[in-house]
Amino acid sequence: MQSKRHYIGAYVQYAILAFAFLGPVLWMVSSSFKNNVDITAYPPVFLFKPTLKNYLNLFRVYPFAKYILNSFIIAGFSTILGLLMGVPAAYAIARFRLNSLAFLTLLARMAPGVLFLIPWYIISTGLHLSGNDFTDYSSLILAHCVVTMPLIVWLMISYFESVPIDIEESAVIDGCSRLGLFFRISLPLSLPGLAVSMVLSFIFSWNYFLFALALANNSTMPLTVIAFNFIGEGSADWGGLMAASTIISLPALILTIFAQKLLIKGLTTGAVKG
Amino acid sequence: MSAPSIKGGGVASYPRLRKVKRDDRITGFLMVSPAVVFTLAMIIFPIGYAVFLSVTKWAPGSSAIHFVGLNNFGRMLSDHVFWSSFRVTMILFVACLLIETIIGIYLGIFLSKDIPGQKVLQAVILIPSIIASVAIGMMWIQILDPTLGFANYLLSVVGLKPLAWLANPDTVLQSLIIIDVWQWSPFMALIITGGMRTLPSEPFEAAVIDGASKWQIFRFVTLPLLRPVVMVAVLLRSVDLVRFFDTVYIMTQGGPNNASMTLNVYSYLQGFNYMDMSYGSAIMLFLLLLVMLISLVITKLRGRTS
Chain A
0 MQSKRHYIGA YVQYAILAFA FLGPVLWMVS SSFKNNVDIT AYPPVFLFKP
50 TLKNYLNLFR VYPFAKYILN SFIIAGFSTI LGLLMGVPAA YAIARFRLNS
100 LAFLTLLARM APGVLFLIPW YIISTGLHLS GNDFTDYSSL ILAHCVVTMP
150 LIVWLMISYF ESVPIDIEES AVIDGCSRLG LFFRISLPLS LPGLAVSMVL
200 SFIFSWNYFL FALALANNST MPLTVIAFNF IGEGSADWGG LMAASTIISL
250 PALILTIFAQ KLLIKGLTTG AVKG
Chain B
0 MSAPSIKGGG VASYPRLRKV KRDDRITGFL MVSPAVVFTL AMIIFPIGYA
50 VFLSVTKWAP GSSAIHFVGL NNFGRMLSDH VFWSSFRVTM ILFVACLLIE
100 TIIGIYLGIF LSKDIPGQKV LQAVILIPSI IASVAIGMMW IQILDPTLGF
150 ANYLLSVVGL KPLAWLANPD TVLQSLIIID VWQWSPFMAL IITGGMRTLP
200 SEPFEAAVID GASKWQIFRF VTLPLLRPVV MVAVLLRSVD LVRFFDTVYI
250 MTQGGPNNAS MTLNVYSYLQ GFNYMDMSYG SAIMLFLLLL VMLISLVITK
300 LRGRTS
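If you read the sequences in order, they're chains A and B.
For the first sequence, numbering that gives the first Met the number 0 puts the final residue at 273, and the numbers step up evenly by one.
For the second sequence, numbering that gives the first Met the number 0 puts the final residue at 305, and the numbers step up evenly by one.
Warning: the hint list may mix true and false statements.
Computed footprint of chain A on chain B, listed as stretches where at least three residues anywhere in the stretch have a Cβ under 8 Å from a Cβ of chain A [said to hold, decoys possible]:
{"id": "1", "region": "42-52"}
{"id": "2", "region": "118-126"}
Short derived list, chain B residues pointing at chain A, Cβ under 8 Å [said to hold, decoys possible]:
{"id": "3", "residue": "Val35"}
{"id": "4", "residue": "Leu69"}
{"id": "5", "residue": "Pro185"}
{"id": "6", "residue": "Asn263"}
{"id": "7", "residue": "Tyr267"}
If you're looking for bench data, these hints aren't it; they were derived computationally from the structure.
The C-beta atom is built at its ideal place from N, Cα and C for all residues, glycine as well.
Go ahead and model the full structure; you've got the sequences and the hints to work with.
Here you go:
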């Protein structure tokens, strides 16, 4: 009886939270399936005949598949590079108490993006680096590592710190080397953290807007920048705008729903708890 | 926990010879070096370059260098748009951080309870934090549209007058705060829920046995244990908030009438719209100092617990 009443209160909160946080997103998605008359109707209409016209237009009028691919290339490679650099660094910082280095990496997360963007822009135009797709992608991927790597380091430090030193100590007594401790003990025990880092870093990179705004050209432009250009065109094409923003949101939604299971499973499977 | 534990951690605690410890340090050094080299090349060097730019007059296409000393910084003092951007940046930072931390702790604890459907809710409320800010901007431009937006429809349903939201200098900041809180509180909650799951259960059991009230458990057990995790979330969020850029640039570009101009947006406009990269760099260096100061304070607070 007690717990049942408890649940009713919780479910009322569930409903309020779901409405507040999901409402605007559902409104965006539903608007993307409306035709021009329904989308500009006031008061707003909730029931309408859905149309795919807005989506078809995007792919017909713009090379939208290319923009989607660009976003995948930039977010994917900057996540991989960020993990390769960030995870070993986080382990060493956590185990050797290299707090000054932690601060150095934090500098990357603290500095405002425009601060790097101006020198990068001047240097890359000065060296005539732009114009070639390979160098353009590379510079965008490297730029996005400034987003991913520090995020990964900071998330992984706390996960590595939560791996009990006792386990490592017994392994050292058994003759395990430092790299062995990292690869065989701390890393496997921090897999949930690795998953969280990977997912968040991919999403942050996918979403990141500023660097590509100034560094991307027409053929390397990711979804975020082309979508912003749609707003800039000042078109009254609400349907097209909402379809574009739905497409931008889609992979991140799928990824998080998938990673949510992984994340919860990983976090509940504790290491030394017993 | 049966292993005989040698408290303190770090290299010193391993029962090994000094030579092994030295090798251990070399391994540690090698592990951090890629990240350090990257940071030096992509972050430290550009910051140095920005310092150089800030004391010169840079013109597009010209390779001539004119040193102007601290002129760019002096210009900031008499630039009223700079000061209003500073004010707006601090208002957004304080208001958003405060509200997001409170909602984040509430949501984080609420979501860590084993109530059926909790996983689904966690996924649902996380959606605003994981969607690109460009999409956020576009969806809220439509929702807050003064003539056909859903927000004004809601106001009319409850009998309130419609607002101009982003188009009015008096309501633009409140609108941006609402959007930011909506967007980022779940992110805070995610980190805090993660922290809740790693907390030991003994202190909670002990508190219950001692007859502590719900509020007492929250105030004297949950909150102190959660503090390191909350501080990480606060640090990550502060650093982004002081550099408030995306939604402002996407939705208002600092307008109307500079009412939503933040330091980050102002310097981007100076650098890339007016091509005054030197003045843009000077403003950015000021912003960097501001972010560092705030982060330092939070890191000190965080360090105090361990």
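Margin query: Tell me the hint numbers this structure goes against, listed in increasing order.
Written below: 4
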